[in-house]
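Asker: Work the whole structure out from these sequences, hints included.
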Amino acid sequence: MTAYALLFTLAAIGISETVYLIRQRLLAEEPICPIGDSCAMVLASQYSKTFFIPNDVLGLLFYIMASFISAFLVIGIGPIVVWDFIFKLAVAVGALLSLFFTYLQWRIIRAWCFWCLMSAFTIWLMGIIILVSNIV
Amino acid sequence: MEKENSNQSFTTGFHFLRVGLAVTFLWIGILIFKNPEAWGGYLQPWAAGLLPIPLAQAMIGTAILDIIIGIFLLINFLPWLAALLGAVHLIVVLTVSGITDITVRDIGLLVGALALMIDSWPQSIINRINFLKKLTPGIGQSPETK
Chain A
672 MTAYALLFTL AAIGISETVY LIRQRLLAEE PICPIGDSCA MVLASQYSKT FFIPNDVLGL
732 LFYIMASFIS AFLVIGIGPI VVWDFIFKLA VAVGALLSLF FTYLQWRIIR AWCFWCLMSA
792 FTIWLMGIII LVSNIV
Chain B
14 MEKENSNQSF TTGFHFLRVG LAVTFLWIGI LIFKNPEAWG GYLQPWAAGL LPIPLAQAMI
74 GTAILDIIIG IFLLINFLPW LAALLGAVHL IVVLTVSGIT DITVRDIGLL VGALALMIDS
134 WPQSIINRIN FLKKLTPGIG QSPETK
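One line per chain: the protein sequences are A and B, in this order.
Remember, my numbering sits 671 above the position in the first sequence when you count from 1.
Remember, my numbering sits 13 above the position in the second sequence when you count from 1.
Take the hints with a grain of salt, since some may be wrong.
What follows is a list of derived Cβ distance ranges for each label pair [claimed, not checked]: (1) B:Ser137 with A:Gly749: 28 to 34 Å; (2) A:Phe771 with B:Ile112: 49 to 55 Å; (3) B:Gln136 with A:Glu701: 19 to 25 Å.
In short, the hints are calculated from the structure, not lab data.
Positions of the beta carbon are idealized from the N, C-alpha and C atoms, including for glycine.
Answerer: The following block contains the structure:
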């Protein structure tokens with residue numbers, strides 16, 4: 672239960688963050704960059720989309736899915752085994768993608784984006800929680 | 014750190030409180046969905062007796078309200094309305110559950126919701142109140158200044 676609460680909390684933080692980024696993009700306004708000043712450079716780069724879909728939208732979909740699945744697992748809405756598998760797979764794929772995006776910022780774009788790093792750490796933390804608790 | 018948002022400015026602290034309260038409301042909603050009867054046990058007998066519908070159904074309604082408030086706060090959509098609903102909801106919770114060991118926690122949440130509501134109250138409503146004050150000079154003035 673505690674692990675689900677943590678996973679849900681992280682997913683909710685991710686939703687809040689990605690909604691902010693999407694809103695700023697739609698308003699054509701630069702997001703606030705609390706640490707550093709390279710957010711706009713990263714978010715406007717050619718790597719800000721994956722298969723023509725903005726990464727913030729993909730992130731939002733991931734976090735919405737994660738929050739729904741963790742809620743389903745807590746409430747006990749089946750099929751539990753399927754949700755377990757989808758959750759594990761999605762977090763694993765998300766963690767690998769985040770690793771790739773972090774590499775892009777480090778070596779290719781050569782600029783750091785606070786929000787992108789925060790999202791990456793959120794997903795890695797979700798992976799660590801799943802591994803440590805071994806609940807799903 | 015402040016962010017200009019149309020005609021209002023929100024501090025970083027506002028967003029921390031907003032997301033924190035959102036997660037709290039969402040998670041409580043989910044837990045009520047998991048076991049509505051158990052959560053209904055917190056109601057005082059007199060309050061449970063006033064319900065026109067079965068207790069479980071009332072708790073499911075509460076869970077839905079909690080989740081809606083949580084979603085609104087999380088995506089920063091009409092945060093003043095969500096905070097207002099949350100504050101009213103918490104006042105009802107405090108009233109119907111009586112004084113217990115966890116009352117102080119609900120009071121903390123209530124004050125947090127009130128803080129959010131006050132900070133995000135729409136400027137248009139504030140302007141309307143100020144306009145009404147100007148129309149009726151007696152309102153909001155001490156007897157000495159009348």
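Asker: Indicate, hint by hint, whether the structure satisfies it.
Answerer: Hints, verified against the model:
1. B:Ser137 with A:Gly749: 28 to 34 Å: 47 Å, violated
2. A:Phe771 with B:Ile112: 49 to 55 Å: 54 Å, holds
3. B:Gln136 with A:Glu701: 19 to 25 Å: This hint holds: roughly 24 Å between Cβ atoms.
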